[in-house]
Amino acid sequence: EDALLIGKVILIFSFNELNLRRVVEILCAKGFLQLKKKFETSELVEAVKEGIAKAFPSDDQLSDDLAKLDEIEFKRPFRNMFAHWAAKRLEETDSIIFMTKDSQDEKAVHGLNTVNTYGITFSVMMIEDIRGLLNNIVNYGEWLALRMPKWYLARGGDP
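Read in order, the letters of the sequence shown are residues 1 to 159 in the numbering used here.
By construction, these hints were calculated from the structure, which means they are not laboratory data.
Beta carbons are placed, not taken as given, at the ideal position from N, Cα and C, and that holds for glycine.
Fair warning: there could be bad hints in the mix.
Said to hold, decoys possible - Using C-beta positions, here's what the derived DEER-type ranges look like:
| id | residue 1 | residue 2 | range |
| --- | --- | --- | --- |
| 1 | E92 | A145 | 30 to 40 Å |
| 2 | L35 | S58 | 33 to 43 Å |
| 3 | L90 | D60 | 27 to 37 Å |
| 4 | P149 | K49 | 11 to 21 Å |
| 5 | G7 | S63 | 32 to 42 Å |
| 6 | K49 | N139 | 17 to 27 Å |
| 7 | G31 | A145 | 32 to 42 Å |
| 8 | L153 | L66 | 18 to 28 Å |
| 9 | N139 | K37 | 29 to 39 Å |
| 10 | I120 | E17 | 39 to 49 Å |
| 11 | A67 | I97 | 41 to 51 Å |
| 12 | E25 | S95 | 35 to 45 Å |
Stated by the list, open to error - When the alpha-carbon atoms are kept at most 25 Å apart in a straight line, the in silico DSS-like pairs for lysine-lysine are as follows:
| id | residue 1 | residue 2 |
| --- | --- | --- |
| 13 | K88 | K68 |
| 14 | K88 | K8 |
| 15 | K36 | K49 |
| 16 | K30 | K8 |
| 17 | K150 | K49 |
| 18 | K36 | K150 |
| 19 | K30 | K88 |
| 20 | K54 | K37 |
| 21 | K101 | K75 |
| 22 | K88 | K38 |
| 23 | K75 | K8 |
| 24 | K68 | K101 |
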């Protein structure tokens with residue numbers, strides 16, 4: 001059950017990344033973003049925000065769109081933790097401990113670099129909080145999936 005819950009979170013984040021990349025592609029093709037060889041995952045939300053602000057400066061939904069994109073980015077470190085850290089249910093609790101020895105993973109999630117030779121870093125999350133995170137990111141993922149075609153069509157479809 002825990003693995004399924006963690007897997008669902010990772011899957012939804014993966015779809016969000018896919019759809020962000022699709023929006024970046026549309027915005028580049030329409031000339032609202034400068035095409036790069038590859039946008040890093042950490043650059044996607046800012047690129048989409050920049051592109052839709054240029055493409056739809058007077059859209060009544062722009063501020064809401066930007067806030068939702070910020071929320072997606074704010075939650076992205078959880079995806080890194082769920083996908084790259086070891087996870088185990090703490091016995092007799094409703095919580096999961098996530099552990100890593102990788103200082104880059106620690107920095108991506110916590111913004112810290114404290115893992116030393118014999119140490120690990122860890123985070124503990126309550127199962128109910130993970131379910132809440134899942135429900136939240138599902139809602140933002142659905143919003144992004146539905147908003148993307150509207151952005152595409154609003155600029156005349158194919159480039």
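Now for the hints, and whether the structure bears them out:
1. Separation of E92 from A145 is about 39 Å and conforms to the stated range, judged on CB atoms against 30 to 40 Å.
2. Taking 33 to 43 Å as the suggested C-beta distance range, the pair L35 and S58 does not conform, at roughly 25 Å.
3. Checked against the hint of 27 to 37 Å, the C-beta distance between L90 and D60 comes to roughly 47 Å, which is inconsistent with it.
4. Look at P149 against K49: about 18 Å separates their beta carbons, and that is inside 11 to 21 Å.
5. At about 34 Å, the CB distance of G7 to S63 agrees with the hint of 32 to 42 Å.
6. K49 and N139 have their C-beta atoms about 19 Å apart, which keeps the hinted 17 to 27 Å range intact.
7. Distance hint for G31 and A145: a CB-CB separation of about 24 Å, inconsistent with the stated range 32 to 42 Å.
8. Distance hint check: the CB atoms of L153 and L66 are about 20 Å apart, consistent with the given range 18 to 28 Å.
9. Range check, N139 to K37: about 33 Å between beta-carbon atoms, so the 29 to 39 Å window is met.
10. Taking the beta carbon of each, I120 and E17 are about 27 Å apart, not inside 39 to 49 Å as hinted.
11. Hint check: A67 to I97, Cβ distance near 32 Å, so the stated range 41 to 51 Å is violated.
12. At about 39 Å, the CB distance of E25 to S95 agrees with the hint of 35 to 45 Å.
13. At roughly 31 Å between alpha-carbon atoms, K88 and K68 are farther apart than 25 Å, so this suggested pair is violated.
14. Under the criterion of a C-alpha separation no larger than 25 Å, the hint pairing K88 with K8 is consistent with the structure, at around 16 Å.
15. Distance hint between K36 and K49 is fulfilled; the C-alpha atoms sit about 16 Å from each other, no more than 25 Å.
16. The suggested pairing of K30 with K8 is violated, with an alpha-carbon distance near 33 Å, which exceeds 25 Å.
17. For the hint linking K150 to K49, the alpha-carbon distance of about 15 Å falls within 25 Å, and the restraint holds.
18. For the hint linking K36 to K150, the alpha-carbon distance of about 24 Å falls within 25 Å, and the restraint holds.
19. About 46 Å separates the Cα atoms of K30 and K88, which puts this hinted pair outside 25 Å; it is violated.
20. Annotation: proposed proximity of K54 to K37 holds, straight-line Cα distance about 21 Å (limit 25 Å).
21. Taken as a hint, the K101 and K75 pair is honoured in the structure, with Cα atoms around 22 Å apart against an allowance of 25 Å.
22. For the hint pairing K88 with K38, the CA-to-CA distance comes to about 34 Å; that exceeds 25 Å, so the pair is violated.
23. With a C-alpha separation of about 14 Å, the suggested pairing of K75 with K8 holds against the 25 Å cut-off.
24. Our distance criterion of 25 Å between C-alpha atoms is broken by K68 and K101, whose separation comes to about 32 Å.
In terms of the numbered hints stated before, the structure departs from hints 2, 3, 7, 10, 11, 13, 16, 19, 22, 24, listed from lowest to highest.
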